[in-house]
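Asks: Chain B: place on chain A using the hints.
One letter stands for each residue in the lines below.
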Amino acid sequence: MAVSTKAVAGSSSKSRFWRAPMLESLPLRISVLVICFLWTLPTAGLLVTSFRNPELITKTGWWTALVNAFQPGQWTLNNYINVLSGDNMATAFLNSLIVTIPSTVIPITIAAFAAYAFAWIPFRGRGILFIIVVALLVVPIQMALIPILKIYSGASLYGTFVGIWLAHTAFGLPLAIFLLYNFMSQLPRDLFESAAIDGASAFQTFVRLVLPLSLPALGAFAIFQFLWVWNDLLVALVFLGPGKDVQVMPTALYNMIGPRGGAWHLLTAGAFLTMIVPLGVFLALQRFFVRGILAGSVK
Amino acid sequence: MALDRAKDSASGSYGTPRWVLVASLIGLVIAALGVTVLIDPHGGENLLAAIYERLGNAAGADALRNGQGDQFYAKLLLAAIALLVGVGGIWLLFTSASTIVERFPPKLRDRIIPWVFIAPALVLLSVYLVYPAVATVIRSFFDQKGVFTLANWESLGKGEFLEILRNNIIWLVVATAGSVGLGLTVAALFDRIRRESLAKVFIFTPLAISLVGATVIWKFVYAIQPPSEPQFGLLNAIWTAFGNKAVAWSTTFPINLPAEMLIMIWLQTGFAMVVLSAAIKGVSVEVLEAARLDGASERQIFFGIIVPLIRGSIVTVTTTVAIATLKIFDIVFSVSGGLNHDNVVAVRMFQEMFQFFNDGRAAALATILFIAVLPVMILNLRNFRRQAAM
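Chains as they are written, first to last, in the numbering used here: chain A, 1 to 299; chain B, 1001 to 1390.
Chain B extracted, bound-state conformation:
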């Protein structure tokens, strides 16, 4: 067997045909040219200008180089190149590397091939996650001039930072509990109707909407007008109809905190619902039937049997939503930028980076988020170890 394969590989018939290798290498060179166009800030315009020149349209080429003319076509050209390079390039890379290694002697080949397959992942993970995580922790202990200091961490225990940390904890508790609680309620209710999957779509669909989009949707609900004018925001229209004074829901502390958290809950409930609904359907009918025969009420069945049985799913959903909530950025950033005592860690970190240019403190804020997810990481590892052992 092994001898056969060795012979095959020597004669070149093992593995991928040679033309694939040649074609993918040529493709890679073209893709590399495409990358140079993409990295150049005016790559699209310059390329289209060159094409126009070839076609004898000097005026069009000049206009493009001066930032005018057919900018939109330049963008379309760039988009086409981007898609070809981005989608095709990665495949060409794997194909050519694999076909080259396939031509090595069998022993060497079998040892190298797994590394060809995992190398891109390992490189990206090291450069984009492992190294930065270490660098960020270290950065949090240094000031602008590169001198060791604890000031970044000490400042987090004072004034507005205490408020920021408090807000994050409120978010973590309220938004997470709200999403999971509502998700569980909805899953339990919808489980008992006929058009279940249709009803679920309504709750589920907000998951597809961006947090910025959702913020615009809700800002419109929360909109406020001066008392002399009609309230077109839904909430204030209802609120003033009962004789109350209009409220600036999204900008008045402390009502802005629940107003912002409601946006997150609105989005995340669908996620909790889907997972918990699947878990509820997994509860064995025999158990439920036994409980019914013993005369348990629906309420007792739900809290006494279903909830304990799906505890595992509830825990996973809660951790997933909690991690997303912990890193909340878009909502607070687009409602007001955290100006009304509603700031959170991720937004402040962004502001430290781009407004106050204080990377050390930004790094300390990021590290806080990292420390907060550490227990989940340890739990994940432990679960994985246990699974792998079985």
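In isolation and in its complexed conformation, chain A is listed as follows:
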């Protein structure tokens, strides 16, 4: 069967045979192009507008700028300069980094140790504890907000970076433990036996064997968590509060929407600034991300 498929399709690709009749169809190609175009159009409008002369933005549509692209006075970088200096976007950018990097590294570390123990070290209560982790996978964050906020105001953790790290860490843990457990439990048993024979401690086995071998899964979750924390508004609003000195980029952008819905030159530049880092991470590490999505949902 497999041989005949190859012979008919005349290609090594597995599913070419049934795809073949559609491959060159013009309507299909056009509809794919149209879908991609429509999907990109809103973002393109934002990007073009952020570089336009503020006076022109509300006088003509952004698409006219593309037609008159070479007229003098069309383009400017001032929107970015203004939004970085005037709207605390530079501080917000730093704050976002301060919040996001530890909020990514801490949960991965804690989850990796826990997943390793769950997968390879027998101990009493292992089964029931892991079932609790699985149960926590879908608990809405909203269930945690009120009691945690109460604890935080008592422990003066409200509005601090340490406070939001711990919150993001805990909220990311169930998925992280679950994903890493699925990956680590597939590692070959011989590996751990020979490490034990060599006299390696559990900690050494983890650092020298498990961590390097789990890099694909760690990378996938890292991108997940990075994007989630960087783009988060709710947790930041609740636990960091509206203070200008600690606000992260989504909060800063939200605050710009409120008072000046009309200042599109600043709003578009600000929005694009918040998008640069996640877009860069995302496009550079797409493959990891896709693998993570598939591991997380096709189970």
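Hints in this document: simulated from the structure, not taken from any laboratory. All values reported here derive from a predicted model rather than from experimental measurement. All C-beta atoms in this analysis are idealised placements derived from N, C-alpha and C, irrespective of residue type, glycine included. Honestly, I wouldn't trust all of these hints.
As the list claims (entries may be wrong) - Where chain B lies over chain A, by a calculated footprint (3+ residues, C-beta under 8 Å):
#1 29-35
#2 57-68
#3 71-81
#4 128-137
#5 169-183
#6 208-218
#7 231-242
Replies: Just chain B, lined up with the frame of chain A:
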């Protein structure tokens, strides 16, 4: 064997070397100092001011303490400390705890070490998820003064709350079906072209954008100007070109509901596409070939064979998107704050907490979301049990 290891551990050569223990303990003390700087609201400024004083720059130090001067450098200093403490601290914690336990007698050590590895996770999960979930359910039955009441729950059945619940259900059905349906369509279409992975990037990329950012993008598409002025919002420009009157898409009920849901669909379609596309590629070629030989049309193959075969993936994608949609907050919150009959549970909960200071009702709203995901939780547990049994 066991004897050998016991001897090794007695002589200290088993496990991690001693200097690692010493170094990590010293590191932990430094990290603890860093945490005190981070928790202090003016930690960065004060630390930089102290450094300036040491360097003999008293004026710079005073300026910093008064909230002026080199605030940005103070922030950079704080960022450096935050990254060192946040990233390094957790590793130091695990390293020192493990190396200490490794020096225990073998039996005790083997019993304690797994708990060292899972303790941080267990503590955080208990404090941040298990305890709050229980506390929130209980809180929903008490009023501001701590007296038992059903009023929080009763109020959810009235007036604007009915509208909020209705909106959440509309979101749940329309936004979820829209994302999954479009994702499946796109996955099926793109499966048949040559530059598939390139085309996918266009649909997929919005996933990296924050919901607030996406809201700004679409608010610009929906922007409206008075009739006398040119419409610079894309949608109204097209709409008025056909002779219609401009519409305030994002603030007029009921058109604002689909306008807001479209933002979510735009983001989530990429996710559905990726998972479903992988599932479609997993369908065996033999089955498809057999269907073709029997003379099935492409349409029949898609709906009669592919869709049933990837049903499992469709269900998982649908539940994932549905859970995200259920908790929708950012979009409604940043479009208008739910002022135009478009409010949803998560936004109202936030408003109950921070505007109306009614924690009891906020807790009841959160509990509604929790009840809504309970079936998924039970399903997850059942699936996991079955897998573990095999």
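Asks: Does the stretch 57-68 of chain A contain three or more residues whose Cβ lies closer than 8 Å to a Cβ of chain B?
Replies: holds (count 7)
Asks: Within the stretch 71-81 of chain A, is the number of residues with a Cβ closer than 8 Å to a Cβ of chain B three or more?
Replies: Three-residue rule not met by the stretch 71-81 of chain A, so violated; n is 0.
Asks: Can the stretch 128-137 of chain A be counted as covered by chain B under the rule of three residues or more with Cβ-Cβ separation shorter than 8 Å?
Replies: holds (count 8)
Asks: So is the stretch 169-183 of chain A in contact with chain B by the C-beta rule, three or more residues under 8 Å, or is the coverage claim wrong?
Replies: holds (count 6)
Asks: Counting residues of the stretch 231-242 of chain A with a beta carbon closer than 8 Å to any beta carbon of chain B, are there 3 or more?
Replies: holds (count 6)
Asks: Please count how many residues of the stretch 208-218 of chain A have a CB within 8 Å of a CB from chain B and say whether that reaches 3.
Replies: With 0 residues closer than 8 Å to chain B, the stretch 208-218 of chain A misses the three-residue bar; violated.
Asks: For the stretch 29-35 of chain A, do at least 3 residues have a Cβ located nearer than 8 Å to some Cβ of chain B?
Replies: Three-residue rule met by the stretch 29-35 of chain A, so holds; n is 4.
Hint compliance for this structure: hints 3 and 6 are not met, and every other hint is.
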